[in-house]
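Asker: The hints should help you fit chain V onto chain F, whose structure is shown.
There are 2 protein chains.
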Amino acid sequence: MDCHTFFDPQSVAVVGASRHKGKVGHEILAGLIRGGYEGKIFPVNPNAAELAGLPCYPDLKSIGQVPDLAVVAVPARAVPAVIEDCAALEVQSVIIVTAGFREIGGPGEDLEGAVARIARNAGIRVLGPNCLGLMVPTNKLNASFAADLPAPGDIGYFSQSGSLLAAILDMANSEGIGFSKLVSIGNKADIDELEVIEALAEDPETRVIAGYLENIADGEAFLRAAEEISRRKPILLMKSGETGAGAEAASSHTGALAREAAFECVFERAGVIRCHSVKTQFDFARALATQPLPAGPRVAVIANGGGPSIMAADAVERSGLELAELDDDATAKLAARLPPTACVRNPMDVLGDALADRYDVALRAMLDCPTVDVVLVMLTPHAMTQCVETAQVVVDAAKENPGKPILASFIGGRRIERATEVLRQGGVPHYDSPETAVLTIKIMAEYARWRARPPRVVKLFSVNRRKVEQVIERHLRQGVAEIGEMEGKAVLEAYGFATPRGSVATSGEQAANLAGQIGFPVVLKIWSPHILHKSEVGGVKCGLNNPREVMDAFDLMMYRIPKRVPQADILGVLVEEMITSRQEVVLGTTRDPRFGPLMMFGMGDVMVEVLRDVAFYLAPLTADEAKQMLLKTRTYRLLQGRPGQEGVDIDAIAEGLQRLSQLVTEFPEIQEMDINPFMVGPEGTTPIAVDARILLKR
Amino acid sequence: MDCHTFFDPQSVAVVGASRHKGKVGHEILAGLIRGGYEGKIFPVNPNAAELAGLPCYPDLKSIGQVPDLAVVAVPARAVPAVIEDCAALEVQSVIIVTAGFREIGGPGEDLEGAVARIARNAGIRVLGPNCLGLMVPTNKLNASFAADLPAPGDIGYFSQSGSLLAAILDMANSEGIGFSKLVSIGNKADIDELEVIEALAEDPETRVIAGYLENIADGEAFLRAAEEISRRKPILLMKSGETGAGAEAASSHTGALAREAAFECVFERAGVIRCHSVKTQFDFARALATQPLPAGPRVAVIANGGGPSIMAADAVERSGLELAELDDDATAKLAARLPPTACVRNPMDVLGDALADRYDVALRAMLDCPTVDVVLVMLTPHAMTQCVETAQVVVDAAKENPGKPILASFIGGRRIERATEVLRQGGVPHYDSPETAVLTIKIMAEYARWRARPPRVVKLFSVNRRKVEQVIERHLRQGVAEIGEMEGKAVLEAYGFATPRGSVATSGEQAANLAGQIGFPVVLKIWSPHILHKSEVGGVKCGLNNPREVMDAFDLMMYRIPKRVPQADILGVLVEEMITSRQEVVLGTTRDPRFGPLMMFGMGDVMVEVLRDVAFYLAPLTADEAKQMLLKTRTYRLLQGRPGQEGVDIDAIAEGLQRLSQLVTEFPEIQEMDINPFMVGPEGTTPIAVDARILLKR
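Protein chains in written order, with the numbering used here: chain F, 1 to 698; chain V, 1 to 698.
Chain F on its own, in the form it takes in the complex (with noise of 0.2 Å):
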């Protein structure tokens, strides 16, 4: 989209312009002049010579000028012959407020479909239709019916809902809160988010990008602009419709997303912060805008009563950060400077009568301390409290002060309602509550965190890829998409994993003698093309102990098996070496429709199974990330080892992530592959890919 016509246009359009209170085409042009628009406004109207007092024009063409912005806001079936005079007349940017189309299916897709059409034949680019309009404060420009202009802020909003948004300008403009530019982006027929957020991050006025979405457009796309973009900018996101009932609301409502596992994925590694409420979408935002990024977990809380001080150091540890150690020096100064019946510790309790003056000694004595990564400042009106003094302290000490943040949760009402403005006009964020202040604390950290993680390399294994190029290729020419055990291990073998060793024999004497080479127990396959699922036709027999035991069984394999599967050509027996005292694992990956190969993690057998202990990532993947996935899964303690059982190479459990990270992103052709079990063994044994299950698109 291009930020110059619709963020500061020099005059804007407003097709379908109307007399008449209550209709969109008024409100619009109503808004536009009550917010103090400073370009020129052309109403476009068929059956009016002049419409606010100004003179109002029958069609585009008649302006005798090219507006830099079309607001469209004509009834849906007159909008393509509006789209069609945009393109006679060269408009580069139109909004299309008018409802009406894809959200109501059928004919109304079919008339976005031939707007949209229209619009790129043309070059011109659209924002909607079925939205809102946006909003650019300092520019006074409100081209929307939405409500009045906010205040100018630091936050550049976008939203998918309409009416979330209306809700949200009534919220903001109620409690003080601005924007650099609000955005419905509607039913995305052209822009999508994944513009309006590069356009947010591009935006000077911008510091904190926040939206609420139902779908995304492009999620390969949005993964790597949202990845790069949070390293200058926090992003913060509601999505909605990730729960099986918001999912069924969310995809009659436009058509959303079935699957939303991987947007968590998503949202991790593209460093965005996942919101659920409006309410904690701002609690974020306030502190992401005015204040500096901490440098590590350590709270320091200071307060003026024990109830508080102690609630705020529950809230602190339930949450995961940790309440700072005072170094000798904080503590000195703070024993020299504060009254002996104030115990001098973290969190710090100035006492019941503490003035604005004693908050001021222990918020610079924990602002200098080295060992405090972040101030959160409490306060309850006690009969001689001064809130607004101490208001002011604080906000004095966050300007002194600009590399470290400070977070302030003062509780009451009326009392503490000048002090909670003199910390929004400084530029200090307040809550009400201090588990509040302190998951925005949690949620800062996390992102400072994410901003400093080491640049991501993924390693590329030398691999074998031409062998596995002729296993898909002669799959797919043969339609079989999956791919059988045989050529499974040619696969895996390419990409660098063990297998068990074994040989084919064709009789039980081979059988046997091969066993004896390989050393008892061992396991005894039935070997085909044509049987996939050997187990079924009793073609695998586990823990063969001698040669007789090997004979026997190569024997019946050979007289049932010709019997139960006649039409399969068997080639002989697989003799495997049976692997056993070690522990299983279970890699894997699945494709997202939108994200790509997902990759999977999870214990063996009943850890999977009935615990559901899995983690999942995107592919592909870095050392560290396939290490995290395994960190993840509540049962990791069982690889590290205990008393009496020593504990697995981890590092290999992460290359085996990684070889198949690197499989399944050089081979889009794989839709689904499991290597289960993942036999692991104690540091400095090869892991053994005992079996594999690998599906190809068809």
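Misleading hints may appear alongside valid ones.
[Said to hold, decoys possible] Residues of chain V placed beyond 10 Å of chain F at every Cβ, according to the derived structure:
1. G35
2. D110
3. E175
4. M486
5. T590
6. G604
[To be verified] Quick look at which bits of chain V chain F covers, simulated, 3 or more residues with Cβ under 8 Å:
7. 85 to 97
8. 368 to 382
9. 411 to 417
10. 457 to 471
The set of hints was computed from the structure by calculation and includes no laboratory data.
Treat the numbers as computed from the prediction; the structure is a model and nothing was measured.
Cβ atoms here follow ideal geometry from the backbone N, Cα and C, with glycine treated the same way.
Answerer: The following block gives chain V in isolation, referenced to the frame of chain F:
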């Protein structure tokens, strides 16, 4: 505490009343007068003849009559003499607001002890010291130095933190939240939280009891009383100091408790609703004070926009509540009366152009629908939205449907201000986000389920109590705290636990013969009253498969153990059936210093060690509570079985827990006890208590 003299005194003496603004004695007197108290007020101060227009008395006895209530604000060292005066005059009820007692440690503790003694001997009931006092809005009684009287209301509030109470008052005053009683309990030298809760339970003005606690004076009494009261009135508690850091702050603040895990069980058993912030406490209280309890978890949502309705649906799903399925009748009604573009289902989107009448139709259809347990009404202010009229529709519907709860979440700022005021005055609780409303509904539904639970019936098993008495008496007499395996087995059997079959052998041949009778494999264990930890001395040998192995193991023990433990009398070797191929679980109990025995259930071995997958509950257990403990573990599904593995006898485990619960309830001498492993088999089999560790109180 005497409700008459504390909550509705006919006369109040203010001892230590002062003319100096800022002094506590001044604030209390001024507050009483400003609040409009209609009884007699007696200022007491030897240095004034008149205060605030009232005659002032040099001491209590000079008043010439006995005040119902004395509020004491003299310096700490002068308090004992004042209480002596109260005793002489037979004043019944006293509030000591003065600080400088137990909370400052050392001499303060002694002073508090002295005051408590004087009061107890004279039969005087004391609130405080170190408290803010109390407030009763309906009686215009402000016997505190906290703030001005709040509005009368349904919430009875008490707080152990004066600082927090002051903040709550200020907040409530500006949000129009009313109170029936407000009690600052301070150091609890005499009256504790339980007496206050009991007084509020009896108070007809109080519909909801809420409070903030840092410790609990008498755990078992609290549990008993709270459980009884919760059946009639909801109790909402903030209990701080539950996490490590909070506990540390709390412990030096008012000497509070270390182990907090038990509180969760206590609150659950007693139906107490635990809150983690002031905000959520009042969010819940407002709904519980104004709305009926929901009959079930099925929520209907009405909104005038897709985004908000999806957000609410997501919140319902995330919370574990259900989205109600509308019945045919409701669906037909809605389809007939709403515009065709409004899609009839739950969440119900009445569309952005909905006026109040459309809400009326939707809300009444939902309220009439028997599959709906609770309705959440959302609104975002669009251009034509009738915010106030819609609020009135909701209020009217709530009045006409007193049996089904309605909550509202209007999202916005100025445009919804008047509407939310209409809701508040109409007794419909309003929430600034659907998430908060849904969380409140969840709390209501859980509390309703608690209230509807069947009476608790603890089954008493027929046991051999005498046998256990003998074992315990002998150990206590001998000063031995740990009961060894021999007698542990006797204790288990006395309480109906099956133990492995086995007998003691004194020769290798006898051992081999016994093993043959029991059936191989067997376990051999050295049999000596002096050896508690058999494995450590080589006194346990498992998995013996034939007579030869049994004889070898016997002889090795006889040869080696006397060398290692020369002082032990060795009576022989226990030959025991070896229990295999069953599921191992752990039953345990530990005595909490405040709440008595806490029962523990855990999955055996890895699950307990690695996953810390254990569940706790208070003894004595009912059958249902025992089963709930199993259900609470994350690995419960392991017990249910799965393809290829039969489930185990759940009831048998529950019975084991109940028997253990009976044992520790009947023997307070038992400090800790584990049955580990407790081996359980398929339904119908008897579980075996393989080993037990019993620790007596020293």
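Asker: The structure should be examined with respect to each hint, and the outcome stated for every one.
Answerer: Going through the hints against the structure:
{"no.": "1", "hint": "G35", "result": "holds, 15 Å"}
{"no.": "2", "hint": "D110", "result": "holds, 18 Å"}
{"no.": "3", "hint": "E175", "result": "violated, 6 Å"}
{"no.": "4", "hint": "M486", "result": "holds, 26 Å"}
{"no.": "5", "hint": "T590", "result": "holds, 22 Å"}
{"no.": "6", "hint": "G604", "result": "holds, 13 Å"}
{"no.": "7", "hint": "85 to 97", "result": "violated (count 0)"}
{"no.": "8", "hint": "368 to 382", "result": "holds (count 3)"}
{"no.": "9", "hint": "411 to 417", "result": "holds (count 7)"}
{"no.": "10", "hint": "457 to 471", "result": "violated (count 0)"}
Hint compliance for this structure: hints 3, 7 and 10 are not met, and every other hint is.
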